[in-house]
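Dock chain Y against the given chain Z, drawing on the hints supplied.
There are 2 protein chains.
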Amino acid sequence: MKYPISYELIHVCKQTGARYGILHTPHGDFETPIFMPVGTQATVKTLTPEEIKEVSQGLILGNTYHLWLEPGDDVVKMHGGIRGFMNWDGALLTDSGGFQVFSLSKIRKIKEEGVEFRHHKSGAKLFMSPEDSIHIQNNLGADIIMSFDECPPFHSDYKYMKQSVDRTIRWAERGKAAHQRPDEQALFGIVQGGPFKDLRKHCLDELVKIDFPGYSIGGLSVGESKEEMYEMLEYLKTIMPEDKPRYLMGVGSPDDLIIGSMNGIDMFDCVLPTRLARHGSALTHNGRIIIRNATYKYDMTPLDPECDCYACKNFTKSYISHLIRTDEILGARLLSYHNLYFLKSLMKDIRVAIKNDRLKDFKEEFFVKYGYTKKEENK
Amino acid sequence: MKYPISYELIHVCKQTGARYGILHTPHGDFETPIFMPVGTQATVKTLTPEEIKEVSQGLILGNTYHLWLEPGDDVVKMHGGIRGFMNWDGALLTDSGGFQVFSLSKIRKIKEEGVEFRHHKSGAKLFMSPEDSIHIQNNLGADIIMSFDECPPFHSDYKYMKQSVDRTIRWAERGKAAHQRPDEQALFGIVQGGPFKDLRKHCLDELVKIDFPGYSIGGLSVGESKEEMYEMLEYLKTIMPEDKPRYLMGVGSPDDLIIGSMNGIDMFDCVLPTRLARHGSALTHNGRIIIRNATYKYDMTPLDPECDCYACKNFTKSYISHLIRTDEILGARLLSYHNLYFLKSLMKDIRVAIKNDRLKDFKEEFFVKYGYTKKEENK
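Protein sequence lines, in the order shown, are assigned to chains Z and Y. Here the first sequence stands for residues 1 to 379, where the numbers follow the numbering used here. Here the second sequence stands for residues 1 to 379, where the numbers follow the numbering used here.
The shape of chain Z in the complex, shown without the other chains (with noise of 0.2 Å):
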């Protein structure tokens, strides 16, 4: 069938095997590699939508999770879904709330038909099968939806993973068919198997065989070391269909980006930008920096001289590091501007080192600069 998003390959660097690509949807075009900020609860915290352009390329994401339990999708829907919720007017996409349901979540039962769970903060009893995900991620009306999936932790044994997988794999097969909106609304598989190579490619293989327009990699960032993460990559990287978009959940450091776009992938999600911002940690050029540190209290330069972001082109460390240090919220957005922005930029260099056949030598450049080590890029 025809799918309301595409892919469209463009180069592949010839040093690393990165792909430089576009990715059509029906609110934007987005060169990939592209970070997408998380806005959870239908806002990427501190930040307007006017802003939200500025550090983003367009394309944000919502967490179905959240917005089901707060205000509600039909709270949502009655705006004409996220979009018209938080006035945002560039592309979406929303997860699938399994993730949320596996990790906030400290009591739950799976069950064939969906899992039964306890509200991450009052404790009340809920419920979500395959088709409640995708029936509320059809009222939220994002571009590109998620298959609702089992999460289950990195080092789960072969067995459960086996059980697992395959589970995944009939509820990805039960959200494609009660997907209400499929010429609007582009669905994704996720692939799971934890670091079992053979589950990998079985998932990958049967949810090929459905036929999705993305395919998403899921259970990475949960636990695992970053060789294990960086391993698979590699291997995914080798059987993941061309044509199609491969978005890594969940992952969004520098080191993680640069090494997941030299294995192929195209599209990034993470907290840690707005997150490290709320507790008063800087993304720079020259490494992470805590910006709340006295250090800071009369250094008269921005908080990262090579960017040309609003926050660094208007304020020094030290003013930053008195809006943190007195917990006044405009450090919070300055920093969550500013660490966004730095990864935009990011992505952006790492599209020209693909473009120039490069990226493995923009990989050892940034990281020497970095400051990041053999030891600490393995963290």
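Simulated from the structure, these hints should not be mistaken for laboratory data. Hints are not guaranteed to be accurate.
Any copy will do: because identical chains look the same in the list, a pair fits if it lies in one copy or spans two.
What the hints assert, rightly or not - Below, in silico cross-link-like pairs of lysine to any residue (SDA-like), each with a Cα-Cα straight-line distance of 20 Å or less:
| id | residue 1 | residue 2 |
| --- | --- | --- |
| 1 | Lys-313 | Ile-52 |
| 2 | Lys-77 | Met-300 |
| 3 | Lys-313 | Glu-51 |
| 4 | Lys-53 | Glu-112 |
Chain Y alone, transformed into the frame defined by chain Z:
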């Protein structure tokens, strides 16, 4: 002597005696009556300088006490003052710290030399003299600065209040003598005296003898009833110099702004609009609303249908209610922006009503619509 600021009286409302004028400062000329947003810690809470421009007339307030303690006036001076520190190219006023010494510190000892007190958080011993206050304000670099005064409770007994007023007069004289930048910063005297008209007159007369480019009214909004405040304003209206700006400190609810203006006040400041915002309340033409309330969950109308601010043009009550209920910072931002914009618009309406000699009519129309009853008005 020639002062760096001046006040130009343009029109007196025939219906009320309210004053429409222009306050000339080194960083802009401002129509009065004016409301000045408060930027306690060199930030008007949640907003960037560009946004402050949009929701103010271009004149804001900073707090000497807070900036002295954190980051320290040396750090602010290093940036060329508060304006450079927070990247504000408008005009600025600082208070003296006197009010905070008396309102925030639980333990204090008043001597002729100055005040010994405890840090409001750490409990550390601190001392501030009138000369210290002016020295700090010279470092903070505002266009308008304040004398260091004692701010006793409104209902102190006459004998104490008399002693206190005399000390405040001596401190004002010492402050003027200590002022190092009189050609750049205009130092105001502060009229104290609680509920006692003779003490208020005595204080004002002595301050006028010392000669200041403007006079503030202190010791109101500190425990008295609205009736008591309005009675004192009616009295002060008859005795304050006509050719100098009159600043009512710490007052900024809609009713007080209107009635203060009717009594010849030219300048106001208050934390109310930003504090209400953080607590989820909006000022609207139809009264104050608590946007957190579940009644707004499905409300597709703007915060205030008569307002044309950014928040009202772009978001529904439903969305802002969601942001506040989920503790999202953007909610406090949008409400702060709206509430300040509401007061900016109100001051404009007040000035138009003065020029049209109908401020009393305006007051009555506004009060009915806003929902003030005679009883509420005097709360």
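Against the structure, the hints:
Taking the closest pair of Cα atoms, Lys-313 and Ile-52 come within 20 Å of each other both inside a single copy (18 Å) and across two copies (18 Å). Taking the shortest Cα distances, Lys-77 and Met-300 sit within 20 Å of each other only across copies (12 Å), while inside one copy they are farther apart (47 Å). Proximity of Lys-313 to Glu-51 under the C-alpha cut-off of 20 Å is found in both arrangements, the shortest distances being 15 Å within a copy and 16 Å between copies. In the homo-oligomer, the alpha carbons of Lys-53 and Glu-112 never lie at most 20 Å apart, since the shortest distance is 41 Å inside one protomer and 57 Å across protomers.
Of the numbered hints stated above, the single one contradicted by the structure is hint 4.
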